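All chains, full assembly: derive it from the sequences and hints.
2 protein chains.
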Amino acid sequence: MEVEVKFKVEDFEEIKKKLAEVGKFVIEKVEEDLYFNSPWRDFWRSDEALRIRKDVEGVTLTYKGRKVDAETKTREEIKLKVNSFDKCRKILEKLGFKPVRWVKKRRRIYRVNEAVVCLDEVEGLGKFVEVEIESEDVKEAKKRVFEVARNLGLKGESIRESYLEMLEKQEN
Amino acid sequence: MEVEVKFKVEDFEEIKKKLAEVGKFVIEKVEEDLYFNSPWRDFWRSDEALRIRKDVEGVTLTYKGRKVDAETKTREEIKLKVNSFDKCRKILEKLGFKPVRWVKKRRRIYRVNEAVVCLDEVEGLGKFVEVEIESEDVKEAKKRVFEVARNLGLKGESIRESYLEMLEKQEN
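Protein sequence lines correspond, in order, to chains A and B.
Per numbering that gives the first Met the number 0, the first sequence starts with residue 0, numbered consecutively.
Per numbering that gives the first Met the number 0, the second sequence starts with residue 0, numbered consecutively.
These are calculated hints, taken from the structure and not from any lab test.
In this text the structure is predicted, and so the values were computed from the model without any measurement.
Treat the hints with care, as some may be off.
Over 10 Å on every C-beta distance to chain A, these chain B residues come out as not near it, computed from the model [claimed, not checked]:
| id | residue |
| --- | --- |
| 1 | Lys15 |
| 2 | Ser37 |
| 3 | Arg44 |
| 4 | Glu47 |
| 5 | Glu56 |
| 6 | Ile77 |
| 7 | Lys78 |
| 8 | Gly95 |
| 9 | Glu122 |
| 10 | Phe127 |
| 11 | Glu146 |
| 12 | Ser157 |
| 13 | Arg159 |
| 14 | Leu163 |
Below, a list of computed lysine-lysine pairs in the DSS-like style, where the Cα atoms sit at most 30 Å apart [claimed, not checked]:
| id | chain 1 | residue 1 | chain 2 | residue 2 |
| --- | --- | --- | --- | --- |
| 15 | A | Lys103 | B | Lys80 |
| 16 | A | Lys7 | A | Lys23 |
| 17 | B | Lys141 | A | Lys93 |
| 18 | A | Lys17 | A | Lys89 |
Backbone N, C-alpha and C define an ideal beta-carbon position, used for all residues, glycine too.
So, in structure tokens, the structure goes:
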């Protein structure tokens, strides 16, 4: 399970200073995600997601299950490395899946103990910080992601919506 | 497009001798293919196929379109290398695809000019020889695969059915 909290921020200055103390910088990259919908089950209603991501590390096909927690973006996530964006897209389209939207962002990734912290600048949405732990023990992981978020000075309510959902809502 | 003809044979003795003269041995391997059906369009009726193959060279997700020629097994084929059989299967199942059948075979692959020749020993079906050319020029490729087949001494009618279809029919 991917246990994740997300916060909107004005800028990354304060959090970058804190991460310099407690975290370890991993990589900065541009992630370009193409999301698909299913021909026989509306992912918007079922709260699932299917996307192909390309970035400097390669191409990944990811399935995300529905969110299972009221305060976090906790959900099952299955990631598959593939060798071609175009072929993966073509197979999905042949199977009936329709591309619905691109989500593009610049992401700086840090590690804080077992947590992954992402500073995201999302095209059309602005700046966000995500704190994520992959774990089967959702309860414990949830406690830990909120701890890490608090220690980094992240305030306000955690956003449960995905970037895809935020972009869709913004448009409609 | 994958332009392919297939012939049932009693044994591989004669053809192996011919291949030693005109062909180049590439590899011998065991291929284990798991085929899936779609939740919203019966692949048996639409003449499509979706499978995950694992062999010594890795794992491949393959989509095959409907056959487009009366005498050969010519069809569009999109192959995607992936990094995990289990994750690929899990994503397909989450998306609603159902595993229908394993097809397992020992395959000896040769190259004869631009054609690929496979000596297949298929679990539950017996021995077959496939001659295949990948090309956009279906007409020319079809001429060439029949030429290669004739030169290798393959006689009788070419089988248009896939191993999956033959296994399904045999059972029912």
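Here is what the structure says about each hint:
1. Lys15: holds (33 Å)
2. Ser37: violated (7 Å)
3. Arg44: Answer for Arg44(B): holds, closest chain A Cβ roughly 14 Å.
4. Glu47: violated (8 Å)
5. Glu56: holds (12 Å)
6. Ile77: Ile77(B) not clear of chain A: closest Cβ-Cβ about 5 Å, inside 10 Å.
7. Lys78: Violated, because the least Cβ-Cβ distance between Lys78(B) and chain A comes to about 7 Å, which does not exceed 10 Å.
8. Gly95: violated (7 Å)
9. Glu122: holds (26 Å)
10. Phe127: holds (26 Å)
11. Glu146: holds (30 Å)
12. Ser157: Nearest chain A Cβ is 25 Å from Ser157(B), so the label holds.
13. Arg159: holds (21 Å)
14. Leu163: Nearest chain A Cβ is 17 Å from Leu163(B), so the label holds.
15. Lys103(A) to Lys80(B): Within the cut-off at roughly 25 Å; holds.
16. Lys7(A) to Lys23(A): holds (22 Å)
17. Lys141(B) to Lys93(A): It holds: about 24 Å lies between the C-alpha atoms, which stays within 30 Å.
18. Lys17(A) to Lys89(A): Not satisfied, since the Cα-Cα distance of roughly 43 Å exceeds 30 Å.
Hint violations for this structure: numbers 2, 4, 6, 7, 8, 18, all remaining hints satisfied.
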